[in-house]
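Following the hints, put chain B in place on chain A, whose structure we already have.
As they're listed, the protein sequences go chains A and B.
Here the working numbering is used: position 69 in the first sequence is 69, and no number is missing along the way.
Here the working numbering is used: position 175 in the second sequence is 302, and no number is missing along the way.
Keep in mind that a hint or two might mislead.
[Unchecked claim] Below, simulated DSS-like cross-link-like pairs (lysine-lysine); rule was C-alpha separation at most 30 angstroms, straight line:
id : chain 1 : residue 1 : chain 2 : residue 2
1  : B       : LYS281    : B       : LYS201
2  : A       : LYS96     : B       : LYS223
3  : B       : LYS417    : A       : LYS90
4  : B       : LYS134    : B       : LYS308
5  : B       : LYS134    : B       : LYS201
6  : B       : LYS281    : B       : LYS308
These are computed hints drawn from the structure, not numbers from a lab.
Quantities reported herein were computed from a predicted structural model and do not represent experimental measurements.
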Amino acid sequence: MPDNDKPAANPGGRAGDSRERTPATRSIFADDPEMVDIIEMFVSEMPQRIAEFRDCWERRELDRLARLAHQLKGAGGGYGYPALGEAAGKLEQTLKQLVEDGAPVALARLQSEFNALLDLCRSISVR
Amino acid sequence: MSARNSKPTVLLIDDSVDVHRLLHARLRHEHINLTTATNARQALEMIAADPPATILLDLDMPDMDGFEVLRLLKDNAATHNIPVIILSGLQSSEDKVTAFDLGAADYVTKPFDMAELRARLRACLRMHHLVRLLAERAEVDGLTGLGNRSHFNKRWSERVAEAQRHRKPLSLALLDVDDFKRINDTFGHPAGDEVLQGIAALLARECRKPDVACRYGGEEFAIIMPETPPSDAALVAERIREAISRLEWPRHPETPVTVSVGVAGATGGADLPDEETWLELADRNLYTAKHQGRNRTVTSSVDATTAPPLARAG
Chain A
1 MPDNDKPAAN PGGRAGDSRE RTPATRSIFA DDPEMVDIIE MFVSEMPQRI
51 AEFRDCWERR ELDRLARLAH QLKGAGGGYG YPALGEAAGK LEQTLKQLVE
101 DGAPVALARL QSEFNALLDL CRSISVR
Chain B
128 MSARNSKPTV LLIDDSVDVH RLLHARLRHE HINLTTATNA RQALEMIAAD
178 PPATILLDLD MPDMDGFEVL RLLKDNAATH NIPVIILSGL QSSEDKVTAF
228 DLGAADYVTK PFDMAELRAR LRACLRMHHL VRLLAERAEV DGLTGLGNRS
278 HFNKRWSERV AEAQRHRKPL SLALLDVDDF KRINDTFGHP AGDEVLQGIA
328 ALLARECRKP DVACRYGGEE FAIIMPETPP SDAALVAERI REAISRLEWP
378 RHPETPVTVS VGVAGATGGA DLPDEETWLE LADRNLYTAK HQGRNRTVTS
428 SVDATTAPPL ARAG
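Chain A on its own, in the form it takes in the complex:
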């Protein structure tokens, strides 16, 4: 992903192992006065978004899940959470392979990407 801003405050925040407790992920735009209001809104709405993700997952609504992931992919980087955007993009890609191409996707992989994304979602904070 091209991103000119350095992810300065994202120590070890790679969406690798979902079992690890991810440390708080701070927005790289937290000090940008024109951004701080909408980042706060983005963070405050995150629990609702997580609930939506979980709901889709439990109902196995993969199309809707792919769309949520797609939207988060676009938003994550924009709000200063590039790792979040990347994790959402990864999940979207895997879901697309499954839904559109009918490619055999290991459920374990899907589960792991889903968990990684939700961990990241839970970890975000403004600063």
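Chain B alone, transformed into the frame defined by chain A:
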């Protein structure tokens, strides 16, 4: 276009409300009026109601994708000149090629580099402004600021078609400056130019709102008067003719300027002649006015072209 304020309208079409908020924040200091739509249908309605100066268009939307929206916009004469910047998470060069082939002005990938998006947006707005200016310039007479002959031809043809369709009244007045050559020869070309500019300013001032005044040729002007029967058009023409004769000219205060006017109009109801025949009739009345001694208006109705023209002299 968007006359609400002087800021150009930019329409963002993206199904993600997060992206709306993001761009509202990031484009807050740009000299634009940002409007948003979350789906293609809503966007197309907004575009029809108030065409924006630039569109930011997401490719991946659930109901109708961005390529389809782009195709619709470029197929429609009313919208095909609006620059469209594609915003997309898709990064394949195939998508970029498709977008540019469909007529996109630019392509920016998500997550945005905001400095880049702002710069590209400004470039698009600049281009749109210049294209519009060019289109306007092409129909504006450089000396007087009135519509030129080409502008007149378009408006006249539209109005005649409309009057024919709805059997509405419509009148046309042709004005020609009397002895214009003598003014030029006696007081010089700058004086002649001032006369044309002075008359144009008076026409712009004195014409009623729906009327369209144009510079038809050298020292000839045309006024299209929609929904005006010839009897009313004659009154408007007379008022203007008199006002012109009372104008004061700093370069030659002792020499007033007069015009002769030929009016041809329809009361509506009857079958109407084509735009050419109509124009010829107005021109013939103008010639009659000149022939009868200038500084007068000659009016006739196109409904009954055999009736003798009605002359009013000043």
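Hint check:
1. B:LYS281 to B:LYS201: Answer holds: B:LYS281 to B:LYS201 is near 23 angstroms, not above 30 angstroms.
2. A:LYS96 to B:LYS223: holds, 20 angstroms
3. B:LYS417 to A:LYS90: violated, 82 angstroms
4. B:LYS134 to B:LYS308: With Cα atoms ~45 angstroms apart, B:LYS134 and B:LYS308 exceed 30 angstroms; violated.
5. B:LYS134 to B:LYS201: Holds: B:LYS134 and B:LYS201 sit about 24 angstroms apart, inside 30 angstroms.
6. B:LYS281 to B:LYS308: holds, 29 angstroms
Violated hints for the displayed structure, listed by number in ascending order: 3, 4.
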